[in-house]
Each structure stands twice: as C-alpha cells, then as structure tokens.
Amino acid sequence: MNKINAYIEQFFPLIKNIFMPALLFALSLICFYALHEISVSSLTTLHCSFYIISFISFMILLYFNQRKPAFYILMMLLSYILINILKNKYNQDYATTSYYISLCFFLPLNLLAFYFIPDNRLLCRTNVFLLLAIFLQFSIGEILGRYDFRLNLTLFDGHLGNLSSLGLIFFIITLTTFFIKASKDGFIMNYALFFCSLNLLFGFIYSDNPTALTIFFCCAALTLMLAIIHSIYYNTYKDALTGLPSRNSYIIQSNSFPLKYSIGVVSIDNYNNMKNIFGKKDRDILVRMIAGKIIEEFGEEHLYRYSADEFILIFKNENKNESFEHLEQIRRAIASAEFVLSNRRKSIKLTVSTCVSEKKRSDANSIEVLYRIRKTLQKANEFSHNISSKA
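If you read the sequence shown in this note's numbering, its first letter stands for residue 453, the second for the next number, and so on.
Honestly, I wouldn't trust all of these hints.
Said to hold, decoys possible - Restricting the straight-line Cα-Cα distance to at most 25 Å, the calculated cross-link-like pairs of lysine-lysine (PhoX-like) are:
#1 745 to 633
#2 798 to 733
#3 801 to 812
#4 842 to 732
#5 812 to 831
#6 801 to 768
#7 636 to 768
#8 727 to 812
#9 690 to 732
#10 745 to 727
#11 842 to 727
#12 712 to 768
#13 636 to 712
#14 633 to 712
It should be emphasised that the hints constitute simulated quantities derived from the structure, not laboratory data.
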C-alpha cells in the first residue's frame, strides 16, 4: 500500500497540471474534426478572440513583469499574421514559398530557445536585445524569400500537410524536449507551453483551412492565458509544491486572526541534507508526504507552507498549552510513519521539530509571535531534533 501511495505522490502533479492544457487541446481537435468548416461570422469571432486573448495575456505579463511566456505570445502572433498575409498574397501556393518554409524553420527553434531562458523580469535591457533578435530573424526570412532561397536545402523536400519536412523535424525535437522537461518538473506552465506548441504544429499542418488555423492558434493563446493566470495566482498565494497557502497568503490572512490565537511551527529536521541524500525530486516528494501527514492530523484550513522547511499552523481561540498537544500529535505521527519512495526498496524515517507560542498583549502582530517561536526552535535544534517546545 505504501508503494502505491509513493507512486501516486510521484505522478499526481503530472495528472493535476496536465489536465487543463490537455483538455483544451482535445477540445480544439474535436471542434476542428466535428465542424471542419464554420461560418464567416464565427470565424471572424475566433479571429478577433485570438488577438484579444493574446493582448490580455501580454498585459498580465507586463503588469506582473514576467518574461518567459511573453516571447511565445509574440512568436505566435507574428506567425499567425505572416501565414494570413502569405495566404492572401499567394493563395494555395503559399506553403511552397520560401517565406513560409523559413517560418516553419525559425518558429520551433525559437520556441525551444525561449523555453530555456530564465523566467526573469519582462522590463529589462536583455529583452530588448532578444526582441531585436526576433525581428532580425524575420528580416533574414524576408531576404531569403526575396531571393527564393529555401532553408530545407532540398535535403528535406516534402510536406506533412502544409508543414515542411524540416519544420516537422524541428517541431518533433521541440515537443519531445518540452514534454520531458514538463514531466520532470510538473509545473502547469511547462505543460501549457508543450500543448501550446502542439496546437501551433496542428495549425501549421492544416493552415490551408481557415477554420483549423484559427481554432488551433486561438486554443494555443487560450492555453497560455489560463496557464499564466494559474501560475501567477499560485506563485502569489499558493505553494507550488504542496498546494498549500504560501507565505504571502499567511501575511495577508494574518490581519484577520482573532484576538486570541496560537501559532505552531513544524520544521523538517535536516532539510538541507535531504537534497544531498535523496536528490531534489525525491526530496520534493518527501515534503509533499510530510504535508499530507500534517493535513491528516490537522486539516489544511489554517495550514501554511511558510518556507522550504517550515509549515505554520494557526490555532484560533486556543492557548499554547492546548495547541502544544496538537503539535505533539503531529510530531509523533510523522516520526512513526514510514515514507516510501518508488525508487528505493527500504522505507525512510523522517522527523520534524515543532514549537508553539500564543499571541500576547505585548505582541504588535503575528510576526512577533513567529519571531519568538523561531528563536526558541533554533536554540532547541542546537541540541536535538524531533522535539516539541513552547516559546
């Protein structure tokens, strides 16, 4: 049974975070194959929706000053605009033009490159140079198109639908890399970028069909927007690893605590050494298991992950003696538990140290209570671990 729970703990983030992007992609496939052709008014609505969704996504990123998905939005917009321009100019021959072949070549390479850039601030000097590099590529593509120079170099002649063979190869490499990285990290943004790129792939393959082009690009934009909103919300208010309220949630909600309350801290013993012993991925799994144990004993309504190795519990209308018993129960439950990792034969024993203190009249806010607890816990851990104390 413990082995099964270990597998569930390992793959649950994959199932949870992949669900929304995968569902949107499935809906886009169903809509295309079920409808195939839609009315001009519906097509116009989807066309406008694509630009509106992309604009909203970019403004959200601009407001929160985040970079990584911004270049995906830009590349997606430029590709969509260029495809429509080429279709209007060359009609059915657009897919054989050197302009379109260059686009099939540059887009997946850019998506792959922007996937691995650090998720830093959007408004910085580095991004200006990245933006200039993008427009330089499109200028090169325009020059290659003027001289009818085809980047497939006759080595990869042929198409899958309306996507050049060389473009397909780069898309497959890009998507494979995305999926491996997303499966390893488990973050919804990484899965969203994978399914966004998958939508773009289908958009290129069926780009001769206005319905397919608009549906797949619109779905790609919607997938990115929802992932951006989800990621920003979780990064602000939730702990990405455990799903519990984060430090920011604690600080915001601390203003609504009653006059009488106690704060308990559960600190994972030897947390810094766990990465060296188990590796980062297994350490994260163990932290989720510990969080699950705390939830079993306490619930999650007033539970926060305050830092990497600390959980905070709020005991409303309880003094520290009453709250101490709850913390001691949690400490004993974790110390007696056997944690099983799927890649290890033997079970793992982990311990936590806890400390509790109540709000005093002299305390201006909960931060002072928390400071007192941490100071007491630090002194206690100098001599021993797996203990409960009062501050």
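Hints versus structure:
For the given pair, residue 745 sits about 29 Å from residue 633 by alpha-carbon distance, which is inconsistent with the 25 Å threshold. Proposed proximity of residue 798 and residue 733 is supported: the alpha carbons are some 17 Å apart, at most 25 Å. At roughly 36 Å between alpha-carbon atoms, residue 801 and residue 812 are farther apart than 25 Å, so this suggested pair is violated. For a cut-off of 25 Å, the pair hint linking residue 842 to residue 732 is broken: about 32 Å separates their Cα positions.
Simply put, residue 812 and residue 831 have alpha-carbon atoms about 21 Å apart, close enough for the 25 Å limit, and the pair holds. Note on residue 801 and residue 768: the hinted pairing is violated, with a Cα-Cα distance of about 31 Å set against a maximum of 25 Å. Of the supplied pair hints, the one linking residue 636 and residue 768 is violated, its CA atoms being roughly 39 Å apart against a limit of 25 Å. Annotation: proposed proximity of residue 727 to residue 812 is violated, straight-line Cα distance about 38 Å (limit 25 Å).
Only pairs whose Cα atoms come within 25 Å are accepted, and residue 690 paired with residue 732 is accepted, the gap being roughly 20 Å. At most 25 Å may separate the alpha-carbon atoms for a hinted pair to count; residue 745 and residue 727 meet this at roughly 20 Å. A distance of roughly 29 Å separates the Cα atoms of residue 842 and residue 727; the hinted pair therefore is violated under the 25 Å criterion. A distance of roughly 7 Å separates the Cα atoms of residue 712 and residue 768; the hinted pair therefore holds under the 25 Å criterion.
The straight-line distance between the Cα atoms of residue 636 and residue 712 is roughly 44 Å, outside the 25 Å bound, and the hint therefore fails. Between residue 633 and residue 712 the alpha-carbon distance is near 47 Å, which puts this suggested pair outside the 25 Å criterion.
Violated hints for the displayed structure, listed by number in ascending order: 1, 3, 4, 6, 7, 8, 11, 13, 14.
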